[in-house]
Amino acid sequence: MIDPASRRDEIGHLVLEDGKVREFLAGEAPARFDGQVISAEGMWVVPGLIDMHVHLRDPGYEWKEDIVSGTRAAAAGGFTSVACMANTNPVDDSPEVVRYIMGKARREGFANVFPVAAVTRGLEGKEMADFSELADAGAVAFSDDGKPVENPLLFRRAMEYVRPFGYRMLSHAEDHVLAGGGAAHEGWTARRLGIPGIPSAAEEVAIARDILIARQVGGKLHIQHISTKMGVDLLRMARRAGLDVTGETAPHYFTLTDAALEGYDTNAKMNPPLRGEDDRMAILEGIQDGTIDAIACDHAPHESYVKKCEFATAANGIVGLQTSLPLSLSLLAGGKVDPARLVDLLSAGPARILGLRGKGTLADGADADVTIVDPEVEWEFGPGEVLSKSKNSPFLGWKMRGRAAATICGGRVRHSTLDGVSPDA
Amino acid sequence: MEWHRRHVLGLSDFRPEEMEFVIDTARSMEEVLTRDIKKVPALRGKTVVNLFFEASTRTRTSFEMAGKRLSADVVNFSSGTSSVAKGETLLDTARNIEAMKPNILVVRHSASGAALFLSRHVSCSIINAGDGANEHPSQGLLDLYTILKAKGKIAGLKIAIVGDILHSRVVRSDLHSLGRMGAKLWLCGPAPLVPREMERTGAVVTGDIREAVRGADVIIMLRIQLERQKTAYFPSLREYSRMYGLNREVFSLAKDDAVIMHPGPINRGVELSDELADCERSLVLRQVESGVAVRMALLYLLAGGSHVAH
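Respectively, the protein sequence lines represent chains U and E. Counted from 1, the first sequence has number 136 at position 136 by my numbering; the numbering is strictly sequential. Counted from 1, the second sequence has number 559 at position 134 by my numbering; the numbering is strictly sequential.
Note that these hints are calculated values from the structure, not bench results. Any given hint could be a false lead.
Unchecked claim - Which residues of chain E face chain U? A few of them, derived with a C-beta cut under 7 Å, are:
1. THR514
2. LEU515
3. ALA536
4. GLY538
5. ALA539
6. PHE542
7. GLY557
8. ALA558
9. ASN559
10. ARG597
11. PRO620
12. GLU622
13. ARG625
As the structure is a computational prediction, the values presented were derived from the model and not from experiment. Cβ atoms here follow ideal geometry from the backbone N, Cα and C, with glycine treated the same way.
Produce the entire structure from the sequences given, and follow the hints as far as they go.
Below is the structure:
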């Protein structure tokens, strides 16, 4: 049992009742127990994993993914909660859309879904969305992910306005103008392949801007999908300055570099782009020293034909919910990240950042969201394994080590590979 | 040597002996072009489709001429007259053309990697006639052939390439063809158009045209692609011409027998002064001649020929 939020890492057992953790007890379970018993000997029992950055494409792009297929992939990947971004159609800038997402997830989903609503109406970067109404409907944070607020004054006003309410702004930090229409990290690979580059500075300028605005007006800021060395350095600096700034990275940024673009592989195209080896090493360092607070996969499903095309026009993004945990488990090799830190990055961290009460911990009274991790099992991520509607992953065919053996959400088994344990209807 | 390639997508994986083989074949083809009847039946019954998604007159004409000299049926497809404008994907367009059973597709596209992408999804042969800023292999080979004819060798030559290196597919192919044959390459242009990373190719990168041209055997001037200048990479054409244009004074720094090349079309008075464009040491029209011969050689080899029919 590993629960970093209550600083526990021990052999124990967990009693779940009525969708809550009744007790987290040390030592062997009692010989007699009325109810279903799941044995997880040799495995890790951890608070349900939380991915705070996914695109469920619902409403509006249900051929790519929907709330049911996306949460099914989440559950199979060990996630009991996901936070979904606002670039749906219609955009999640109204309470109706927030309620639609939450309602559908509650009725038909396989995991909890926490909507992240838009900062500006229609993600157009012109007028602020109605924050309080969106938050009252259930939005847990705000982001114009993918189309970041370009106008610094508007972003300042939004940060300032929401500060008294304690909402967190999640920033896809990118200076679009400086990105210059690029399609891959500006480095040797892009130069050699003749692909227009996206300089690291396009991300770093925006991170710096947002941090400085947060410093000016206060409030809670979160930097999404950090991919560069200087991005990690800027976050570290903001923290040392005592600002409430958090940051996430994605498994692909600590697993791959732009070398994966060889042969113009469109499944290695995402935004921010895969960077260089120096950046990858700096991300690892940021994970180890605690600068980075969360791992989030930026699950971005796309139908095959928008990836099966020339590189420049291919859509950005990859699916990640089923590979995030195994790729994160690879961080254990070398011993620089211990299991408790890993669980923090994948569960307690995102719960803290988004202020999700009852999530990210196994403490008595917490929600009965539990993931059982088999850290040793070896398996292959073949196309048949993909539960998303889309299969755009650079990790297809990879040999993986470790996966979720069972995922329990609100006391219901939503995924299981354990003998004798089948998902609840 | 035996020819095993099904496609010519780029020169990045061409061995020197393969390039020499193409050049030898091109020599035989050039002999055909000296005859009264400049046509041989080598590709009779074969179909070549020029699939051009980007405006091009000379490359398309050169391939068309090459195909016709070999008696192939040549069909031209250009995006202006096609369903591309109606939103069809590249792959669908290519598959539709492929269903008409051509033997060779000659592809020009604005996206880097487009030819490689198509080669994975169609069964006929593909010649890359320029993909984005990636490669233009027939240009790389014709530059090699042109220099060989003029200088008799490549190894040891100082070759300066001046202009928009960033967007140039010609450079990326020349680096393979000329570089692999032993030339010492210098890349020069305004810094925003000459990525520092290009030093990784082994070429010398400089912002000083005098340094690049000094002692050079060959100077390849690139077209300033005004159509690509969505944002300014340099202050003005006047400034460009002053700093990176080749004129009589700069050219005098090169070797006495230095030659000037340009893949065309030339912006006279911008990258190349009017008088130099037409001087006796300009090989621009020789490049065009070599181009037809090299493209005949590529079509011939891909269509299954292993020796030239006389």
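Hint check results:
With a least beta-carbon distance of about 6 Å to chain U, the hint placing E:THR514 at the interface is held under the 7 Å criterion. Hint on E:LEU515 holds. Least Cβ distance to chain U is approximately 6 Å, under the 7 Å limit. A distance limit of 7 Å between C-beta atoms decides the matter here; for E:ALA536 the minimum to chain U is near 4 Å, and the interface restraint holds. Look at E:GLY538: its Cβ gets to within about 3 Å of chain U, closer than 7 Å, so that hint holds up.
At a threshold of 7 Å, the smallest CB-CB gap from E:ALA539 to chain U is about 4 Å, leaving the interface hint in force. Interface restraint check: E:PHE542 against chain U, minimum CB-CB distance 6 Å, threshold 7 Å, status holds. Of the supplied interface hints, the one on E:GLY557 holds, with its beta-carbon coming within about 5 Å of a beta-carbon of chain U, less than 7 Å. Look at E:ALA558: its Cβ gets to within about 3 Å of chain U, closer than 7 Å, so that hint holds up.
Among the interface hints, the one on E:ASN559 holds; its C-beta lies about 4 Å from the nearest C-beta in chain U, closer than the 7 Å criterion. Hint status for E:ARG597 relative to chain U: holds, with the closest Cβ pair at about 6 Å, below 7 Å. Checking E:PRO620 against chain U by beta carbon gives a least distance of about 5 Å; that is within 7 Å, so the hint holds. Against a cut-off of 7 Å between C-beta atoms, the interface hint on E:GLU622 holds, since the closest Cβ of chain U lies about 4 Å away.
Against a cut-off of 7 Å between C-beta atoms, the interface hint on E:ARG625 holds, since the closest Cβ of chain U lies about 5 Å away.
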